[in-house]
Structures are given as C-alpha cells and as structure tokens.
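Student: Take a look at the letters that make up each chain.
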Amino acid sequence: MSAIQEMVRHLEKMGKISDEQFIVEMLKNREHLGSTGLGKGVAFPHGRSLAIKQLSVLFARSSGGIDFEALDGKPTKIFFLILAPSEEGADVYLALLSELISLIQKPSKLDKLMQVKDYPSLIDIFGGNED
Amino acid sequence: MREEFRLLIGLQDLDIMIKEVKDKATSQELKSMGFKLTGLEELQEARHEIAARIPVALLNRYEKLAKRYKLAILPVSGDKCLGCFVKLPTSFFSSAYSHELVTCENCGRLLYILRFNQ
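These protein sequences, in sequence, are chains A and V. So for the first sequence, our numbering puts the first residue at 81; every next one is plus one. So for the second sequence, our numbering puts the first residue at -11; every next one is plus one.
No lab work stands behind these hints: they were computed from the structure. Model, not experiment: these values are computed from the prediction. Even glycine gets a Cβ: it sits at the ideal position worked out from N, Cα and C. Do not take every clue at face value.
Claimed, not checked - Label-pair restraints from in silico Cβ distances:
#: 1; chain 1: A; residue 1: G144; chain 2: V; residue 2: K75; range: 51 to 59 Å
#: 2; chain 1: A; residue 1: D147; chain 2: V; residue 2: G66; range: 41 to 49 Å
#: 3; chain 1: V; residue 1: K75; chain 2: A; residue 2: P187; range: 47 to 55 Å
#: 4; chain 1: V; residue 1: T91; chain 2: A; residue 2: G144; range: 47 to 55 Å
#: 5; chain 1: A; residue 1: E167; chain 2: V; residue 2: F81; range: 15 to 23 Å
#: 6; chain 1: V; residue 1: E51; chain 2: A; residue 2: F139; range: 37 to 45 Å
#: 7; chain 1: V; residue 1: P43; chain 2: A; residue 2: L202; range: 41 to 49 Å
#: 8; chain 1: A; residue 1: H90; chain 2: V; residue 2: E37; range: 25 to 33 Å
If we strip away everything but chain A, and leave its shape as in the complex, we get (with noise of 0.2 Å):
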C-alpha cells in the first residue's frame, strides 16, 4: 500500500472524504504536476474535490522515510496531508499549506515532528491551537 493510499484509507475511516480510491487517484494527479515531497524529509500532498466532506490535515510518519520523488532527492520521513472541498476556495488550504511549510521552516518544530508521540504534542508544536 502506497503512502498516501494508507493516509487516505485513515480519513475515510474518520468520515472525512467519501470515496478511498478516488482520492487517491486525484492525489496522484497531483504528484504528477510537480511532487508535493519539498525536501528536508517532508511532503505537503494537497488537492481538492468533491469528494472531500470538510477541511483536513492527517499528519503522518514514516520512521525508516519513503522515496516520495522529493526535491532535494531524501527520504520522506513526515507527510501533512491536506484536503479540501471543492467549493473551498483556493485561498483557505493555501493559506493553510503556506503556514505548515513555514512551520517547517524551523528546525527546532521540524525536529519536535520528527519525535511526537501524541495528538496534544503535535497540537502543543503548533502552538496550541487547534483550529
């Protein structure tokens, strides 16, 4: 199972999009423009559809890292999902990529990422909040 058919299987079990294998698809198309993999062992996969009940994040992370086609060529160790609806304007998610990646930025959070071991850690290196 790809990494982001087993991020997507997680949303849909959460109720979040309707259908696994459509996201999927979409997010592979997306790949196919450019890979969504930055560097420095994260990738930001993103996209919207109707498909997608509501905005989400799902952070996931690999220990070992996955050849995710990234720029600079690494291992990709964190991916933070990102999904929209496609009623969502594109301001919303962008918005929302553009502060994850300068989260990222950091690399005091980065090294906070690549250790959570929780929700509220990861909510916590955020800032605490979590809207």
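Start from chain A and add chain V according to the hints.
Tutor: Quick look at chain V alone, frame taken from chain A:
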C-alpha cells in the same frame, strides 16, 4: 459511486488543478512555497483520458456548465443547492438517493449527494 459520476467528479477535480496552475496569482503562490509545477501537460493528458470515457452528451453538458460556473457539479447541503442556494424539491431527493445525477432546476448545475462514514 456510479462510474459516470466518478469520472465527472474526477474531471472537475483535474479542471480545478489545471485552473490553479494557469492562474498566475495561485501558481506564483505555490511556487513561492517551493512547489515545482512542471507537469501541466501530464494533467491535461489525464483530463483528456477521463473525458474520453464519459458519454458525449454528459460531457457536453458538463463542459457547458463549466464555462458558465466555477463548479459545474456540486454537493447538496441540507436541502439546498450549494451553487444558487435555492431549496430543492422533495422529488429531488428520491432521485438523488438512488444515485442519479440530478440537475438543480434553478441554476442547472449537476448535483450529487455524497455519502460519508459516521
């Protein structure tokens, strides 16, 4: 989800992606975040492949609506069309719950009820 709906929604998702890349402000924003947007031709090829699998009449209907509206296909929220926010008649829901693709009588957009776990 019926195959023709899957294809239509897939087509719309690709159109959204293609529009984002073609929109100067959005593509500039994505590039400034570090994304390389070099695969536009591949997206267009994927769109062509999906479009070829959709019945011509349905595809023409979609293309016509896509020229008119930002989104040709929309989900139903409560009892309203999310495009024009007009209340849908009761008869709409019996067709929609039978997995038929239904047209909003007011704006003409294609409407679909999606099912989610929970």
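Student: For the range 25 to 33 Å, tell me whether the beta carbons of H90 (chain A) and E37 (chain V) fit it or not.
Tutor: Holds - the Cβ-Cβ distance for H90 (chain A) and E37 (chain V), about 28 Å, lies within 25 to 33 Å.
Student: Cβ-Cβ distance between E51 (chain V) and F139 (chain A): within 37 to 45 Å?
Tutor: At roughly 38 Å between Cβ atoms, F139 (chain A) and E51 (chain V) fall inside 37 to 45 Å, so the hint holds.
Student: Within 47 to 55 Å or not, the Cβ separation of K75 (chain V) and P187 (chain A)?
Tutor: holds, 53 Å
Student: Range hint 41 to 49 Å: satisfied by the CB atoms of D147 (chain A) and G66 (chain V)?
Tutor: 44 Å Cβ-Cβ, so the 41 to 49 Å window holds.
Student: Should the hint that E167 (chain A) and F81 (chain V) are 15 to 23 Å apart at their CB atoms be regarded as holding?
Tutor: holds, 20 Å
Student: Go ahead and decide if the range 47 to 55 Å is satisfied by the Cβ distance of T91 (chain V) to G144 (chain A).
Tutor: Given range 47 to 55 Å: holds, Cβ gap about 50 Å.
Student: I want to verify a distance hint. Is the separation of the beta carbons of G144 (chain A) and K75 (chain V) within 51 to 59 Å?
Tutor: Given range 51 to 59 Å: holds, Cβ gap about 53 Å.
Student: Is 41 to 49 Å a correct range for the gap between the Cβ atoms of P43 (chain V) and L202 (chain A)?
Tutor: 46 Å Cβ-Cβ, so the 41 to 49 Å window holds.
Checked against the numbered hints given earlier, this structure breaks none of them.
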